[in-house]
Amino acid sequence: MKIKFFLMLFQICILLISCAPQLPHERQEKLILPSKFKAIDAPNDDGSAVMLVWSVSPSENIKDKVIENEIKEKTRKALKKETTENTKDALIEEISKRVRKEVETSYKSHPEVKYVISMSKTKDGEFAKTAEIKSNSSYASENPKYFGHSNNNLMLHFLEITKPFKELKEKEAELTKIIVDSNTLIETIQFAINGNQENLLSFIKEKEEKYKVLSLQLREAKGKEKEQLQKKCEAFRTDMNRYQQISEFAKRQNNSAGEEKITELKEKVLKTREEREEIRQQLNNEDDLTYYFKLEMTDGKETLIYPEIVSAYPIPNYFNWARFNHFVLMLLFSIIVMFFIGYAKRNPNLFIRKINGLDAVDEAVGRATEMGKPIFYFTGLGTMGELPTIASTNILGRVARKIAQHDSQIKVPCTDPIVMSVCQEVVKEAYTAVGRPDAFREENVFFVSNEQFSFTAAADGMMIREKPATNFFLGYFFAESLLLTETGAGTGAIQIAGTDALHQLPFFITTCDYTLIGEELYAASAYLSHEPVLMGSLKGQDAGKLFLLVLVVIGVILSSIGVDYLMRLLEPL
Amino acid sequence: MVFWKRTFPLAIAFCAGVIFTIQYYVPHPKSEAMLTQSNNWIMIISAFSIVLGLSSLLHIHAGRIKRSTPGWGFSAVLVFSLVTTALLGFIFGREKGSPFIWVYDNMLTPLSSTMFSILAFFIASAAYKAFRARTLEATILLISAVFVMLANVPIGKLISEYIPKIGNWIYENPNMAAQRGILLGLSLSFVATSLKIIFGIERAYLGGGE
Chain A
0 MKIKFFLMLF QICILLISCA PQLPHERQEK LILPSKFKAI DAPNDDGSAV
50 MLVWSVSPSE NIKDKVIENE IKEKTRKALK KETTENTKDA LIEEISKRVR
100 KEVETSYKSH PEVKYVISMS KTKDGEFAKT AEIKSNSSYA SENPKYFGHS
150 NNNLMLHFLE ITKPFKELKE KEAELTKIIV DSNTLIETIQ FAINGNQENL
200 LSFIKEKEEK YKVLSLQLRE AKGKEKEQLQ KKCEAFRTDM NRYQQISEFA
250 KRQNNSAGEE KITELKEKVL KTREEREEIR QQLNNEDDLT YYFKLEMTDG
300 KETLIYPEIV SAYPIPNYFN WARFNHFVLM LLFSIIVMFF IGYAKRNPNL
350 FIRKINGLDA VDEAVGRATE MGKPIFYFTG LGTMGELPTI ASTNILGRVA
400 RKIAQHDSQI KVPCTDPIVM SVCQEVVKEA YTAVGRPDAF REENVFFVSN
450 EQFSFTAAAD GMMIREKPAT NFFLGYFFAE SLLLTETGAG TGAIQIAGTD
500 ALHQLPFFIT TCDYTLIGEE LYAASAYLSH EPVLMGSLKG QDAGKLFLLV
550 LVVIGVILSS IGVDYLMRLL EPL
Chain B
0 MVFWKRTFPL AIAFCAGVIF TIQYYVPHPK SEAMLTQSNN WIMIISAFSI
50 VLGLSSLLHI HAGRIKRSTP GWGFSAVLVF SLVTTALLGF IFGREKGSPF
100 IWVYDNMLTP LSSTMFSILA FFIASAAYKA FRARTLEATI LLISAVFVML
150 ANVPIGKLIS EYIPKIGNWI YENPNMAAQR GILLGLSLSF VATSLKIIFG
200 IERAYLGGGE
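Listed in order, the protein sequences are those of chains A and B. In case it helps, numbering that gives the first Met the number 0 puts the first sequence at residues 0 to 572. In case it helps, numbering that gives the first Met the number 0 puts the second sequence at residues 0 to 209.
Hint data in this document are derived by calculation from the structure and do not stem from the laboratory. Keep in mind the model is a prediction, meaning the values are calculated, not measured. It is possible that some hints are incorrect.
Stated by the list, open to error - Rough simulated footprint, nothing fancy, chain B against chain A, three-plus residues with beta-carbon under 8 Å:
no., segment
1, 33-46
2, 333-344
3, 386-393
4, 415-427
5, 445-453
6, 529-537
7, 543-552
As the list claims (entries may be wrong) - Here are the computed lysine-lysine pairs in the BS3-like style, where the Cα-Cα straight-line distance is at most 25 Å:
no., chain 1, residue 1, chain 2, residue 2
8, A, K168, B, K29
9, B, K156, A, K87
10, A, K372, A, K401
11, A, K133, A, K223
12, A, K113, A, K133
13, A, K401, B, K4
14, B, K29, A, K206
15, A, K176, A, K223
16, A, K162, B, K29
Each residue gets a CB set at the ideal place from its N, CA and C atoms; glycine is no exception.
Same shape as in the complex, but just chain A (with noise of 0.2 Å):
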């Protein structure tokens, strides 16, 4: 009975996916509008674009990937037919490519149909084209983020207009490159002012060889990239044209000259910048616009325009839509954990698996104590923005309280300054808990750099005077984990590393005698502590990761069979 179920289904699957909108193999000759053209708010945006759809028309170019499966399939049957298990590579490329060439031909022997979009801001005004966009491609299907993934989408052209338009975008970008090429020459007059003319020669050379760089490429160019390379080409030899003559002109002139020539390109890039603000005051005030847009259709010789003019008003939109299925599962998620926190205030002796780095404090803490050496405590890398840092300085509350207890030394040398203050009140906090408040010093707790290898360099000296009995190593690290843990297995100490970096886990797990591997760092507070508010909330994580255990082995199975609706589902739009 259950076999029967499974295999209705899996036929219902293939009937589905099968019943999907193809589109047009057979292109018509004669030039068709599309049915339908409009013009919508673009969604889940904040109001700076409206979208564009058409319908797919019979005359359209066949889809490039079409075109793609045709040849796939058509060399299969040629090389199954003309040759054997013998034939040479060669000659297996040769009918590839001949295949290729005829069906590409047969195609391409049609003129290409374009379509031609036109914007302007009254009904009645002048229309400037906006874009050119060639009839097989930008297709909705290819936006699931507007569209969803309804099959339909194939039968639907689709564009995205963002405002602001194209002529104001240039404009601003123009005026940007004239602010900068400004500042520049300012800068270069300045050097030559300076009499640093050796700075001065040594700009020049980079520039004129970033421009020998260019020659090489455009050389090797084709079409467009050839094109852009060109201009590129061209605004450079100005460029060294003009820091040339400045060269000279400080060479001869004398340094009021210079002065004079820099209050001029001051003056130029302050009144570029207004223009450049009012350009910008422009396109805010493109706020209140509503746009209308032609359609037309050509294949070169013959044009057709769509009837109706349509328009498009852009709204900021107060929810994205895109993200609906995220916030649900992050909703999910919280009421889960939540869940799991009642339940736990409820039921306060709840299981969790032994975590051998955890349990090793208590004896990483004893061996310091009795050998009279201190303890260091490494936060990472990272600021108090970041969870690991947030976690790390949690476990540091649980760990100092430990060490206060047994009137040992602890030190923690930090990277950013606000971890830092951080970090010194949760200890004093720790030490005044236990009733030592005496025993705290503040110097203790103290900022060494925020430079990655200079923080390191100091760390690794501390622990080789020092020669801690035992090194903590709990937060973000970047590749100045290594370092820090062989220079502290070098010194003798016990180590116990916890990270969620993936990339420095194996050097952790090489070095430390215990390392907490990524939720273990997050689960450390609940686990010292056994808070049941805390433990509940480990018990929420691992529900929530049964739940999602569960969709990847659903999701695997349906996506072999190619039923792919979980997945897209739960795609990040």
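Starting from the structure of chain A, add chain B where the hints point.
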């Protein structure tokens, strides 16, 4: 006092947490502007926090110099470098070619590069300790490591064309699977930890925790 030390910071954490969670789902320009403005404020406040760091640094090292504790020479060098570099920056500016940039380019950068280059030797030492065939798991690790390392150097392909393929397969399949498993657990931990901080359940970072 408890209000300012405990309740007020928790209220700020709650409000900020809820507001910025909601902000992620609201594309309205005012929401984006609020985020940009907040980021700017955070950068400004972080910049001021360097004063805290400087005062801690100077306090500790000046104390060591004063008391002539062992190693006070290092502290003297640090204070001298700090003050000199700061003065160079203030007096001569930070343009290209200025003494401040010269110190950065010719002293700090080579020193950082030297520290970074020491990693090569430490990696060799860590690999020597780790890749030993003592147990079954360690043997599997050793064999996988050999394949992955050879896949990344030209000699691997010279020895056999299968070595790069096996090495890349190990890197892209079991390794990636393990990383994704850890990431899955991590992402849920982020959600849970963030909730605990927003709702004030986790308070240890405030100091004390009770």
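What hints, given by number in increasing order, does this structure fail?
14
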